[in-house]
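Each protein sequence line maps, in turn, to chains A and B. With this note's numbering applied, the first sequence has no gaps in its numbers, which climb one by one up to 606 at the end. With this note's numbering applied, the second sequence has no gaps in its numbers, which climb one by one up to 606 at the end.
Pairs of lysine-lysine residues, derived as DSSO-like cross-links and limited to a Cα-Cα distance of at most 27 Å, are as follows:
| no. | chain 1 | residue 1 | chain 2 | residue 2 |
| --- | --- | --- | --- | --- |
| 1 | B | K523 | A | K273 |
| 2 | A | K273 | B | K273 |
| 3 | B | K312 | A | K523 |
| 4 | A | K523 | B | K273 |
| 5 | A | K245 | A | K457 |
| 6 | B | K523 | B | K273 |
| 7 | B | K312 | B | K273 |
| 8 | B | K523 | A | K312 |
| 9 | A | K523 | A | K273 |
| 10 | B | K337 | B | K401 |
Simulated from the structure, these hints should not be mistaken for lab results.
Number of protein chains: 2
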Amino acid sequence: MTKARAGSFQTAHGGVLTPAFMPVGTQGTVKGITPTQLRAIGPQVILGNTYHLGLRPGDELVASLGGLHKFMGWEGPILTDSGGFQVFSLAGMRKISEAGVAFQSHIDGSPHFLSPERAMEIQANLGSDIVMALDECPPGQMERGALELSMARTTRWLKRCRDFPLAPHQGLFAINQGGTHLDLRRDHLHQILELDAAAPFQGFAVGGLSVGEPKELMNATLAEFVEELPVNRARYLMGVGTPEDLLFGIEQGVDLFDCVLPSREARHGRLLTSRGRINIKNARHRAADLPLDPACDCYTCRTFSRAYLHHLLRAGELLAFTLNTIHNLSYTVGLTRAARLALLDGRFPAFASSARENWNTEEP
Amino acid sequence: MTKARAGSFQTAHGGVLTPAFMPVGTQGTVKGITPTQLRAIGPQVILGNTYHLGLRPGDELVASLGGLHKFMGWEGPILTDSGGFQVFSLAGMRKISEAGVAFQSHIDGSPHFLSPERAMEIQANLGSDIVMALDECPPGQMERGALELSMARTTRWLKRCRDFPLAPHQGLFAINQGGTHLDLRRDHLHQILELDAAAPFQGFAVGGLSVGEPKELMNATLAEFVEELPVNRARYLMGVGTPEDLLFGIEQGVDLFDCVLPSREARHGRLLTSRGRINIKNARHRAADLPLDPACDCYTCRTFSRAYLHHLLRAGELLAFTLNTIHNLSYTVGLTRAARLALLDGRFPAFASSARENWNTEEP
Numbered sequence: 243m244t245k246a247r248a249g250s251f252q253t254a255h256g257g258v259l260t261p262a263f264m265p266v267g268t269q270g271t272v273k274g275i276t277p278t279q280l281r282a283i284g285p286q287v288i289l290g291n292t293y294h295l296g297l298r299p300g301d302e303l304v305a306s307l308g309g310l311h312k313f314m315g316w317e318g319p320i321l322t323d324s325g326g327f328q329v330f331s332l333a334g335m336r337k338i339s340e341a342g343v344a345f346q347s348h349i350d351g352s353p354h355f356l357s358p359e360r361a362m363e364i365q366a367n368l369g370s371d372i373v374m375a376l377d378e379c380p381p382g383q384m385e386r387g388a389l390e391l392s393m394a395r396t397t398r399w400l401k402r403c404r405d406f407p408l409a410p411h412q413g414l415f416a417i418n419q420g421g422t423h424l425d426l427r428r429d430h431l432h433q434i435l436e437l438d439a440a441a442p443f444q445g446f447a448v449g450g451l452s453v454g455e456p457k458e459l460m461n462a463t464l465a466e467f468v469e470e471l472p473v474n475r476a477r478y479l480m481g482v483g484t485p486e487d488l489l490f491g492i493e494q495g496v497d498l499f500d501c502v503l504p505s506r507e508a509r510h511g512r513l514l515t516s517r518g519r520i521n522i523k524n525a526r527h528r529a530a531d532l533p534l535d536p537a538c539d540c541y542t543c544r545t546f547s548r549a550y551l552h553h554l555l556r557a558g559e560l561l562a563f564t565l566n567t568i569h570n571l572s573y574t575v576g577l578t579r580a581a582r583l584a585l586l587d588g589r590f591p592a593f594a595s596s597a598r599e600n601w602n603t604e605e606p
Numbered sequence: 243m244t245k246a247r248a249g250s251f252q253t254a255h256g257g258v259l260t261p262a263f264m265p266v267g268t269q270g271t272v273k274g275i276t277p278t279q280l281r282a283i284g285p286q287v288i289l290g291n292t293y294h295l296g297l298r299p300g301d302e303l304v305a306s307l308g309g310l311h312k313f314m315g316w317e318g319p320i321l322t323d324s325g326g327f328q329v330f331s332l333a334g335m336r337k338i339s340e341a342g343v344a345f346q347s348h349i350d351g352s353p354h355f356l357s358p359e360r361a362m363e364i365q366a367n368l369g370s371d372i373v374m375a376l377d378e379c380p381p382g383q384m385e386r387g388a389l390e391l392s393m394a395r396t397t398r399w400l401k402r403c404r405d406f407p408l409a410p411h412q413g414l415f416a417i418n419q420g421g422t423h424l425d426l427r428r429d430h431l432h433q434i435l436e437l438d439a440a441a442p443f444q445g446f447a448v449g450g451l452s453v454g455e456p457k458e459l460m461n462a463t464l465a466e467f468v469e470e471l472p473v474n475r476a477r478y479l480m481g482v483g484t485p486e487d488l489l490f491g492i493e494q495g496v497d498l499f500d501c502v503l504p505s506r507e508a509r510h511g512r513l514l515t516s517r518g519r520i521n522i523k524n525a526r527h528r529a530a531d532l533p534l535d536p537a538c539d540c541y542t543c544r545t546f547s548r549a550y551l552h553h554l555l556r557a558g559e560l561l562a563f564t565l566n567t568i569h570n571l572s573y574t575v576g577l578t579r580a581a582r583l584a585l586l587d588g589r590f591p592a593f594a595s596s597a598r599e600n601w602n603t604e605e606p
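Just chain A, with the same shape it has in the complex (with noise of 0.2 Å):
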């Protein structure tokens, strides 16, 4: 008996359909890729970043041009973050207090701050469909009484989220923290529980995780820790995106998935095969007269042979950052699409299985 599920939930720019990875538009686009061709790989849900586009060109002249949606040609639904991973990453540029996050612009090294109403406002001013509440992000090894009082803050953080007036249409996620630690874990739901009693969230993120602690950790706490979000709402596993990684996460429950390593291993030319893992630069590569996934129905598996791919990298042409990234986000958004219509169809643990078996398989 599985745990995944195959879920839907609205938003005002249409429904979602998970599981389903969520590319990552960090500026207001999905790196070398038009909308057009966005379309084309059929995501649910793109990301937006509130603390790069807060930046710049920043969210007031983004809500005067009618919003993140209009300015960027994108009609489906968007997720923006809060700007705290960003922020909380800018180590040695950034001062944490109750109020919020003192920080500097990687841009021009101007001051700024990042409180839970400022990150409410951004994304108000974005319009996405989805917010995401502004939490501490302790790092992945944090001792544990530490993390428990970034714990009680990210919560404290959570309901003056709450009580900012977001638009109408944009529905608020909390995020969920306690490292891989089970019963921080819950004492953290816990409290969350409690805001969501009054007003409910719209989903629940997991976030802290694939923050560098061992794989195994992430995995048993996953494994444990997802069937006690609530069933009725959606649940996110932040910054998630190897195959590996979105089938375990899947297996577990988790409906919602996003992660900048699918597009940003593609611009390198290291591509997702459904037989296993590609570096289209290899010299092998170089006369290969078929495509780079002969199961795979993407523009660029479609129209081009990987000799081609393998010379429009190493001549360092523009196009093969965006081949090789529609092909990337099709293979992982496809995967998810893949694994939902397995779950509609009753044969989800076969799909699993034989997709895991796939990439192990050597190319003939």
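Starting from the structure of chain A, add chain B where the hints point.
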């Protein structure tokens, strides 16, 4: 009475309606643009580059993969240059003799030899529709005596090119030289036409202009000389591509143009519009909620605001290169298409003066 003309000729990959601007796809890709996007831009012909493709990925490899059309996913006509212009530009890394040009690869310094026969062999392997003869490419201000010697060699090379067995579907263009000396151009054309009498060339190119000479001299040469080219064959002005130069060339009776400028300028944010040039990076476009060119129906202008394009380029996003290139190529290809329609409708002079007038209008 204008010398401008609307013409057409056939290739194995479709008819070519002229006047036509041909976008440059140096390394088997128009930089940053998929074949699907290219089709929407609608060029009659695109260029491939013999020098670059011969070195990487290699013309034999392209042939083994079915030719350049299949390799790059472009079903329309392709013109390949001879590689001469690039090889002659390798100052200090090439040595010219009657046999051909010995040169070192810009990629790895390896030694190569480009002869008329090798230039034909590469283009035969690439399988382009229009093949350019190998010519000596003299610098813009070459002394008259040296120019005469160079032209004579170009004629001998042309004969060797013509003797090479191309594929049946391929047509050979001869290249006329002579700098801005009308009498030399005429002498050289006379030599070419002697060869043409035995076996006709598909077209005639005007080479050696737009290579550093004063614009007035180039224009004066074109104004006198273009009409002396055979009326029933395609006329190709090489390396020319600003709106002003295209219009002037069309007015002199030129049919085909190519230039990297529209796409290169696009990548730097210097964009062509019906109201004149725009630098999209300028602060005045930061919040501009209007299309790049309201008179343009390209994907970029239909979909995005100037503010978005400004943001993308400021943020260094790959999509900026793609969207800006789509626009500048659409603009440039569209200018030659509009000129053709105006010619067919008998309103070309009005079209030309209206185009010039709009370029000089300041934006409101």
